[in-house]
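Q: Residue-level listing of the chains:
There are 2 protein chains.
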Amino acid sequence: MDEELRNALYKAYVGEAKAALRLKVFADVAQQEGYPQMARLFRVIAFSEEIHGARALKVLKNIGTTEENLKESFESESRVAGVAYNDFMKIALERGDKAAELHFSQSRDVEEGHETLYKNALQGVIQDRTSSYYVCKVCGYVAEDALPESCPVCGAPQNQFVSFEGERPG
Amino acid sequence: MDEELRNALYKAYVGEAKAALRLKVFADVAQQEGYPQMARLFRVIAFSEEIHGARALKVLKNIGTTEENLKESFESESRVAGVAYNDFMKIALERGDKAAELHFSQSRDVEEGHETLYKNALQGVIQDRTSSYYVCKVCGYVAEDALPESCPVCGAPQNQFVSFEGERPG
Numbered sequence: 027m028d029e030e031l032r033n034a035l036y037k038a039y040v041g042e043a044k045a046a047l048r049l050k051v052f053a054d055v056a057q058q059e060g061y062p063q064m065a066r067l068f069r070v071i072a073f074s075e076e077i078h079g080a081r082a083l084k085v086l087k088n089i090g091t092t093e094e095n096l097k098e099s100f101e102s103e104s105r106v107a108g109v110a111y112n113d114f115m116k117i118a119l120e121r122g123d124k125a126a127e128l129h130f131s132q133s134r135d136v137e138e139g140h141e142t143l144y145k146n147a148l149q150g151v152i153q154d155r156t157s158s159y160y161v162c163k164v165c166g167y168v169a170e171d172a173l174p175e176s177c178p179v180c181g182a183p184q185n186q187f188v189s190f191e192g193e194r195p196g
Numbered sequence: 027m028d029e030e031l032r033n034a035l036y037k038a039y040v041g042e043a044k045a046a047l048r049l050k051v052f053a054d055v056a057q058q059e060g061y062p063q064m065a066r067l068f069r070v071i072a073f074s075e076e077i078h079g080a081r082a083l084k085v086l087k088n089i090g091t092t093e094e095n096l097k098e099s100f101e102s103e104s105r106v107a108g109v110a111y112n113d114f115m116k117i118a119l120e121r122g123d124k125a126a127e128l129h130f131s132q133s134r135d136v137e138e139g140h141e142t143l144y145k146n147a148l149q150g151v152i153q154d155r156t157s158s159y160y161v162c163k164v165c166g167y168v169a170e171d172a173l174p175e176s177c178p179v180c181g182a183p184q185n186q187f188v189s190f191e192g193e194r195p196g
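Respectively, the protein sequence lines represent chains A and B.
The working numbering runs 26 ahead of the 1-based position in the first sequence.
The working numbering runs 26 ahead of the 1-based position in the second sequence.
You may find that some hints are simply not true.
Same chains, same names: a pair is fine if it fits in one copy or spans any two.
Calculated lysine-lysine pairs in the BS3-like style (CA-CA distance at most 30 Å, straight line) [claimed, not checked]:
hint, residue 1, residue 2
1, K84, K124
2, K116, K163
3, K97, K145
4, K124, K163
5, K97, K116
Simulated from the structure, these hints should not be mistaken for laboratory data.
One chain only, chain A, in its complex shape (with noise of 0.2 Å):
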């Protein structure tokens, strides 16, 4: 595949993830305006794009095995926590900018969890364990196993967790 048809396929690949995130944040306002109907829109169109986005992406590249998606993944939060979010830190800090600096700095701290999640969940497969996962709406911390009562990066209270609950085994 030559550059230009490569380039075509990331720009539809990120548009469209662009696209899903901003229309899913559309979704929450017109949720709390009161309009569920147009927030069921947003979500809908917001889950087209994702398939639009996913298949530029095959066709962009193979997709490799689990095992290999498993350390991608690994690579890239460790680059990520490290380098870019320490980056944007001190960038916040310098312009004294209040609420990007705590989302910079509150992300790294979560990004940096990522890797040890990995780690475990990879280690699930080999002894058949499940998880269960709680994900706090504030910040994106994850917490595995157990609920906790607050969330220790951003202090936010327990109902604003989402749970992702493992079926275990009997």
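Could you slot chain B onto chain A? The hints should help.
A: Just chain B now, with coordinates in the frame of chain A:
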């Protein structure tokens, strides 16, 4: 907010949106390979990345009202369908890449439909009407109110549709 900080927030938004979508693709692969626990982990971390990306977007710019968001989404759809995908299609056609061509042309057709959906939804708000939606998992086509026999854009059978059903007023 100065440009450097705006760039950092924008990079965080785009990076997290890309990561979230990539992780969902990895989740599908893990499911297909028979690793439901890994699939759940990828989905959980994708959700966490979406929270980061959405937060970066909200720090970057004030999100408007639902009416403004609808207008922005309309405009974005017509740009994507009318310009970007047509250009991409030409590139894929010239290179003779069938998979890319099919992806771009079907995506363009689906995006054209989104504009109509936004219009209908807006009328639905006015009329207090509740729509159900059905999304084709292959090409992202969105059907309103009735589940099609097969996808009019890509020909996928009915069992490839995901339902988003609204609660109809009694």
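Q: Hint by hint, say whether it matches the structure.
A: How the hints compare with the structure:
1. Within a single copy, K84 and K124 get their C-alpha atoms only as close as 39 Å, which misses the 30 Å cut-off; across copies the closest is 14 Å, which meets it.
2. In this assembly of identical chains, K116 and K163 lie within 30 Å of each other by CA distance solely inside one copy; the values are 25 Å within and 42 Å between copies.
3. For the identical chains of this complex, K97 and K145 are intra-copy neighbours only, at 10 Å inside a copy versus 44 Å across copies, given an alpha-carbon limit of 30 Å.
4. Taking the closest pair of Cα atoms, K124 and K163 come within 30 Å of each other only inside a single copy of the chain (19 Å); across copies the shortest separation is 41 Å, beyond that limit.
5. For the homomeric pair K97 and K116, the shortest alpha-carbon distance inside one copy (29 Å) is at most 30 Å, but the shortest distance between copies (36 Å) is not.
When held up to the earlier numbered hints, the structure conflicts with none and fits them all.
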